[in-house]
Amino acid sequence: MLSAMAEPSSSGTFVNGKRLEKNVECVLRNGEEVRLGQTELFTYVFHLENGDNSINAKRKKSGSEEENLNLPDNICEELWVNEEGKLKKKEILENHFNSQMTELSGRIKQTQIEQTQMQSERLRLEHTLDDKIRELEERFASEREVLTNRIVEGDAHQWQLQEEKETLELRLNEEKAQLTRQMEMQVNELNSKILESYQKELELKAKNQELQAMLEKERIMYEKRLVEEKNMLEDCRNRSEALLKGSIKELEQRYNEDIAKLQNDLDSGSLEQEKMIKTMELLEQKYLDEKKKSEQQLLMEKKSYEEKFQALQNLVIEKEKVVEVTNQKLKEEEDKLKNEANISCIKAKQDLINNFEDVIESELQCSICNELFVNEKKNDCPVCRSKIVSQTRMLVLDSLIDRMLDKLSDDLKHRRQEVVEERKVKELLSAKPKPSSSESRSNPRERRHASSRGTNSRVEVIEPIVLSSESESDEDTLDSDASSVEGDPNVYYGGYGHCYRCGRRGHWAQGCPDY
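The opening position of the sequence shown corresponds to residue 1 in the UniProt record's numbering, with each subsequent residue numbered one higher.
It should be emphasised that the hints constitute simulated quantities derived from the structure, not laboratory data.
This list has only true hints and no planted wrong ones.
Taking lysine-lysine pairs in the DSSO-like style, the calculated list, with each CA pair at most 27 Å apart, reads:
#1 K331 with K347
#2 K291 with K278
#3 K338 with K321
#4 K193 with K338
#5 K286 with K249
#6 K292 with K303
#7 K245 with K230
#8 K278 with K249
#9 K278 with K293
#10 K336 with K200
Whenever a hint applies, use it, and build me the whole structure from the sequences.
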């Protein structure tokens, strides 16, 4: 066993994870862990050889030397050689142990030097951080005092802004109510026109259905009449054919009787042969004439029947054409009424949109920017001419304007978009350069944010946005009388602002003479 003693170091010495007290010895045993400092880099395990790891072994060796005196010479010599080997081995182990201890001592000193340097660097960083924190706290306190003074000074102005905001909200509510009433009136008028056109369409449909029913009834009646006349003509033709056939049959029968009689007379020899032949020829000619006459009469009756049938068919075709023309006229009239209803509905909607545009152009124009609250143009109030020192955005008003502008025509939307883009380009061209890094460092708002990040304290301050006036002269607030041009006398003009189309006073965009 060996004893270990902790050196006066700030990091300390540990045996099996337990820190040694200063100037107090500790016994080291075989296999124990020794760590120098706080890090795991200098951790070692102590090992001792079994041949010389205790004092009892040394005592036993000294006792064995006395006993060896009584042994024979050869045995004593052998024991002496073994004893010398053990002593040399012990000396080698001690030298090795001393070299390891020297190396460990050098490492311990190097570690202590590094720890001393790290501790000095940590102290230096702590002092630097404390100085910066102290500086930031001082700057934060000064800026907080300045901001508090500015807030106290701006209380009166905040009250004034609140009153103006309430006045603007009241005016906006009144105008919104007025617009709502006008839109309701126009919507009611549009609904009445749509209802009237719908009633006309229903009446037209009823008349059309009635006329179609009447035409269908007439068509059925004419078809029935056509069938009856056709049957009647067929009966007449059948009767005529039957009569003609009967007369022809009767003539044939009479002719046959006369021929038979003449043949009998000829056979009996009571008449002369020539006279009989002549009589037979006369009878035959008479028969042929009557047969021809009957055939001609039959052809004439057949032709008359065909003419009547054709006339009846032509009448039916004409009636069908009349029904078709009537249906076409009814359909055209129905389409015309539908188109008129759609046109009246579209016209009513267009009138509503036009009236809405007139109200927007005349009532909701901002006197500062002469546009629907797109952007400010001047830095003073158009009513009292006082300087504007802050601005407050009203989301309700913006939403209302966006919803109203959705109802405008595509032409007005496109024109307004062009105006907005033109103003954005002008703003970008006339924009001032950004402040330098020194100015940004001197910005109180940035210093306030930097100081709030360095400390745990936090103060929420709402700063008004100050708009600096570019000129104090009255020439910036009043336009020249030479640029005033009278617009359309039939278009309303409120007496303030200028036209955003031509840029002159005396009229608004709706009554611009150049448009």
